[in-house]
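As they're listed, the protein sequences go chains S and B. Take the first sequence: its letters are residues 3 to 364, numbered as in my numbering. Take the second sequence: its letters are residues 3 to 364, numbered as in my numbering.
One should not assume that every hint holds.
[To be verified] Taking lysine-lysine pairs in the DSSO-like style, the calculated list, with each CA pair at most 27 Å apart, reads:
#1 Lys4/S / Lys231/S
#2 Lys48/S / Lys320/B
#3 Lys107/B / Lys231/S
#4 Lys48/S / Lys128/B
#5 Lys231/B / Lys4/B
#6 Lys128/B / Lys108/B
#7 Lys108/S / Lys309/B
#8 Lys231/S / Lys48/S
#9 Lys115/S / Lys309/B
#10 Lys48/B / Lys320/S
#11 Lys320/B / Lys4/B
#12 Lys108/S / Lys168/S
#13 Lys4/S / Lys48/B
#14 Lys93/B / Lys128/B
These are calculated hints, taken from the structure and not from any lab test.
2 protein chains.
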Amino acid sequence: MKYGRCYNFSAGPAMMPEEVLEEIAAEMLNYQGSGMCVMEMSHRSKVFETIRNEAEADLRRLMNIPDNYKVLFVQGGGTVQFAMVPMNLMKNGVACYLETGAWSKKAIKEAQKYGEVRIVASSADKNFSYIPDCSDLDIPDNADYVYICENETIHGTTYFSLPDTKGKILVSDQSSMFLSRPCDVSRYGLIWAGVQKNVGPAGMAIVIIREDLLRDDLPQFVPTYMNYKTHADSDSMYNTPNCWDIYCCGKVFKYLLKNGGLEAMDARNREKAAILYDFLDRSRLFSGTVEAKDRSLMNVPFVTPSKEQDAAVVAACKAAGFDNLKGHRSVGGLRASIYNAMPKEGVEALVRFLTDYEKENG
Amino acid sequence: MKYGRCYNFSAGPAMMPEEVLEEIAAEMLNYQGSGMCVMEMSHRSKVFETIRNEAEADLRRLMNIPDNYKVLFVQGGGTVQFAMVPMNLMKNGVACYLETGAWSKKAIKEAQKYGEVRIVASSADKNFSYIPDCSDLDIPDNADYVYICENETIHGTTYFSLPDTKGKILVSDQSSMFLSRPCDVSRYGLIWAGVQKNVGPAGMAIVIIREDLLRDDLPQFVPTYMNYKTHADSDSMYNTPNCWDIYCCGKVFKYLLKNGGLEAMDARNREKAAILYDFLDRSRLFSGTVEAKDRSLMNVPFVTPSKEQDAAVVAACKAAGFDNLKGHRSVGGLRASIYNAMPKEGVEALVRFLTDYEKENG
Numbered sequence: 003m004k005y006g007r008c009y010n011f012s013a014g015p016a017m018m019p020e021e022v023l024e025e026i027a028a029e030m031l032n033y034q035g036s037g038m039c040v041m042e043m044s045h046r047s048k049v050f051e052t053i054r055n056e057a058e059a060d061l062r063r064l065m066n067i068p069d070n071y072k073v074l075f076v077q078g079g080g081t082v083q084f085a086m087v088p089m090n091l092m093k094n095g096v097a098c099y100l101e102t103g104a105w106s107k108k109a110i111k112e113a114q115k116y117g118e119v120r121i122v123a124s125s126a127d128k129n130f131s132y133i134p135d136c137s138d139l140d141i142p143d144n145a146d147y148v149y150i151c152e153n154e155t156i157h158g159t160t161y162f163s164l165p166d167t168k169g170k171i172l173v174s175d176q177s178s179m180f181l182s183r184p185c186d187v188s189r190y191g192l193i194w195a196g197v198q199k200n201v202g203p204a205g206m207a208i209v210i211i212r213e214d215l216l217r218d219d220l221p222q223f224v225p226t227y228m229n230y231k232t233h234a235d236s237d238s239m240y241n242t243p244n245c246w247d248i249y250c251c252g253k254v255f256k257y258l259l260k261n262g263g264l265e266a267m268d269a270r271n272r273e274k275a276a277i278l279y280d281f282l283d284r285s286r287l288f289s290g291t292v293e294a295k296d297r298s299l300m301n302v303p304f305v306t307p308s309k310e311q312d313a314a315v316v317a318a319c320k321a322a323g324f325d326n327l328k329g330h331r332s333v334g335g336l337r338a339s340i341y342n343a344m345p346k347e348g349v350e351a352l353v354r355f356l357t358d359y360e361k362e363n364g
Numbered sequence: 003m004k005y006g007r008c009y010n011f012s013a014g015p016a017m018m019p020e021e022v023l024e025e026i027a028a029e030m031l032n033y034q035g036s037g038m039c040v041m042e043m044s045h046r047s048k049v050f051e052t053i054r055n056e057a058e059a060d061l062r063r064l065m066n067i068p069d070n071y072k073v074l075f076v077q078g079g080g081t082v083q084f085a086m087v088p089m090n091l092m093k094n095g096v097a098c099y100l101e102t103g104a105w106s107k108k109a110i111k112e113a114q115k116y117g118e119v120r121i122v123a124s125s126a127d128k129n130f131s132y133i134p135d136c137s138d139l140d141i142p143d144n145a146d147y148v149y150i151c152e153n154e155t156i157h158g159t160t161y162f163s164l165p166d167t168k169g170k171i172l173v174s175d176q177s178s179m180f181l182s183r184p185c186d187v188s189r190y191g192l193i194w195a196g197v198q199k200n201v202g203p204a205g206m207a208i209v210i211i212r213e214d215l216l217r218d219d220l221p222q223f224v225p226t227y228m229n230y231k232t233h234a235d236s237d238s239m240y241n242t243p244n245c246w247d248i249y250c251c252g253k254v255f256k257y258l259l260k261n262g263g264l265e266a267m268d269a270r271n272r273e274k275a276a277i278l279y280d281f282l283d284r285s286r287l288f289s290g291t292v293e294a295k296d297r298s299l300m301n302v303p304f305v306t307p308s309k310e311q312d313a314a315v316v317a318a319c320k321a322a323g324f325d326n327l328k329g330h331r332s333v334g335g336l337r338a339s340i341y342n343a344m345p346k347e348g349v350e351a352l353v354r355f356l357t358d359y360e361k362e363n364g
């Protein structure tokens with residue numbers, strides 16, 4: 003890698019495309035003749051307005067977002083979205099959640115502050131190592147929405163087909179898979195994603211919401227900031243947004259468009275994941291922790307037979323330039339997060355290293 | 003200016019020290035041998051932990067923050083703080099607010115969602131061009147706190163002495179004056195500041211809160227994210243923080259320490275402001291809009307006799323490399339924001355330009 007960079011397998015914040023970082027560094031002291039850094043720009047200035055509008059337009063093009071959906075840039079990440087979703091969408095006070103791991107559990111706990119949460123499917127019985135059957139869920143008539151975490155970062159599962167919501171609004175946390183593959187936005191009422199995994203720096207979530215879900219009649223206790231309509235009515239400029247994040251994400255959107263869009267990312271990501279999963283399936287030292295049909299293309303957890311060996315591998319990897327491979331404490335072992343910005347060479351190099359490690363220590 | 007940079011008089015986001023931007027650019031592809039950009043780092047990694055801990059320690063040193071105060075890094079800016087303050091501090095449901103401009107009005111409106119707001123002083127009668135007498139405010143016994151906006155960015159006023167709160171907790175929005183002068187933190191219960199004016203990029207507020215004000219017993223409707231205790235108990239790492247902002251602010255804290263701390267900034271800021279106010283007091287074309295005793299050292303609003311001439315001056319300034327001088331629509335005219343990072347040379351150059359303009363057009 004150039005610049006002495008490592009292969010960074012962090013689950014998030016995570017790698018960004020090297021050429022994007024080069025562009026950002028080059029524009030630091032004077033953005034395109036504006037005489038200032040993007041961090042120094044008034045958010046109401048024409049130059050920043052252009053940055054913001056291009057970012058939204060490029061994202062709309064990438065995801066083919068229908069005109070009746072708003073794109074919002076909201077600070078606060080997932081923890082804020084866990085509250086905003088029920089605050090804004092619970093009209094009848096009932097919502098259905100699918101419990102598939104740590105992040106859906108956090109979303110459930112927060113939603114319970116605002117109404118009744120029905121857990122209509124769960125994979126808790128096997129430590130969230132699979133996606134439950136979602137073809138015939140018991141969804142009550144008065145349910146306001148059905149909520150999924152579409153890719154569980156910690157447990158390494160993903161939905162390859164969406165649940166049958168029986169006509170109810172589908173809400174999806176796409177944080178750790180956002181822009182990793184094509185997405186039919188029209189099948190969702192609301193998609194949100196913390197950008198710090200597959201797009202840009204931590205500090206913002208992107209929300210894509212169908213316009214008819216925006217409401218004027220929220221309970222008084224809902225802070226102005228936490229009404230989606232506040233952001234929708236002002237093009238996410240009600241208050242000073244995270245301008246830097248919008249700029250960095252916009253750069254990544256342009257990079258993705260230039261490199262073939264989401265179809266190309268999907269092909270690349272499938273190829274990268276296959277290299278790693280094929281290795282794990284062949285290995286006698288390492289094994290994946292997720293049922294084959296539900297394996298995430300982004301987050302790949304795996305284990306050795308012992309915690310001691312897990313730790314030894316993580317340390318050996320770090321010394322060899324493969325960083326952040328320690329698994330989350332709730333799953334243990336190792337985890338390789340291989341988002342869009344992880345080059346195929348990084349995955350190949352990791353597999354070579356693990357193969358050699360197995361030969362020497364297996 | 004180097005790099006073709008302009009003098010940027012934006013009210014926020016605003017100028018940052020040039021040497022800080024140079025350092026950030028130099029560390030973009032590989033932060034101090036870590037092999038990655040700060041934007042790519044796991045917030046749980048040792049390298050980021052050091053960045054975060056140094057930022058807090060440097061801020062504590064700069065402001066001499068007592069040990070019984072917590073320092074929090076919270077996403078969402080002022081709009082989120084307007085709700086968090088009453089959500090967390092209204093126990094009796096009564097708070098006193100001083101109405102001194104647009105930002106205190108916004109804070110008042112949001113607080114009214116959560117309890118009774120008593121406006122105990124106001125300068126609305128003269129379009130917020132002064133700070134009201136705060137020596138004998140009518141503060142009820144059951145008031146939970148007294149709230150001020152210590153420097154009104156739009157109107158250009160500042161408190162040179164703090165209100166007598168009759169023993170109640172003082173809460174201050176210091177956004178547009180944070181770190182511009184020494185501050186006796188022990189006189190406040192809570193100080194908050196959006197960092198995008200006098201410190202770093204937009205996307206974060208810093209909250210300094212006395213520990214005994216943290217509470218476990220908030221109403222159920224308060225989102226987990228909006229309880230100050232959530233952040234205090236986790237060193238602001240309950241969720242992924244705005245790591246980039248913490249990094250950039252940390253750089254600015256080190257820059258301030260290296261350059262004499264807040265005493266030196268105060269002297270510099272007084273000198274810079276005096277250059278501009280002395281010019282305005284002498285000028286026959288331009289005049290300041292604020293009563294002399296309450297003039298902000300950070301935000302300097304001024305007008306010509308007509309809106310047409312105001313606009314002509316703003317355009318002439320921009321063409322000459324003095325950007326973002328247009329005043330806020332509620333005051334009109336021009337506004338020069340001269341935060342810590344604006345060099346004295348920038349203010350001198352602006353005054354020379356305005357002096358010449360007056361000779362030619364006055």
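Problem set entry | Satisfaction of hint between Lys48/B and Lys4/S, Cα-Cα up to 27 Å | OK: Lys4/S and Lys48/B at ~23 Å, within 27 Å.
Exercise. Given the hint that Lys320/B pairs with Lys4/B, does the C-alpha gap stay at or below 27 Å?
Worked result: 17 Å, holds
For this session: With a cut-off of 27 Å on the C-alpha distance, tell me whether Lys93/B and Lys128/B pass.
Result: This hinted pair is violated, its Cα atoms lying about 33 Å apart.
Exercise. Within a Cα-Cα threshold of 27 Å, do Lys128/B and Lys108/B meet the stated pairing?
Worked result: Satisfied, since the Cα-Cα distance of roughly 18 Å is no more than 27 Å.
Exercise. Are the Cα atoms of Lys48/S and Lys320/B separated by 27 Å or less?
Worked result: 13 Å, holds
Exercise. Would the pair Lys48/B and Lys320/S pass a check requiring their Cα atoms to be no farther apart than 27 Å?
Worked result: Holds, at about 13 Å.
Exercise. Are the Cα atoms of Lys48/S and Lys128/B separated by 27 Å or less?
Worked result: It is violated: about 32 Å lies between the C-alpha atoms, which goes past 27 Å.
For this session: Starting from Lys115/S, check that the Cα of Lys309/B is at most 27 Å away, please.
Result: Given that 27 Å is the threshold and the Cα spacing comes to 51 Å, the pair is violated.
Exercise. Within a Cα-Cα threshold of 27 Å, do Lys107/B and Lys231/S meet the stated pairing?
Worked result: This hinted pair holds, its Cα atoms lying about 21 Å apart.
Exercise. Going straight from one Cα to the other, do Lys231/S and Lys48/S come out at no more than 27 Å?
Worked result: 24 Å, holds
Problem set entry | Pair hint Lys4/S and Lys231/S, alpha-carbon separation not exceeding 27 Å | 44 Å, violated
Exercise. CA of Lys231/B to CA of Lys4/B, is that 27 Å or under?
Worked result: 44 Å, violated
The structure does not agree with the numbered hints 1, 4, 5, 7, 9, 14 stated previously, though it agrees with the rest.
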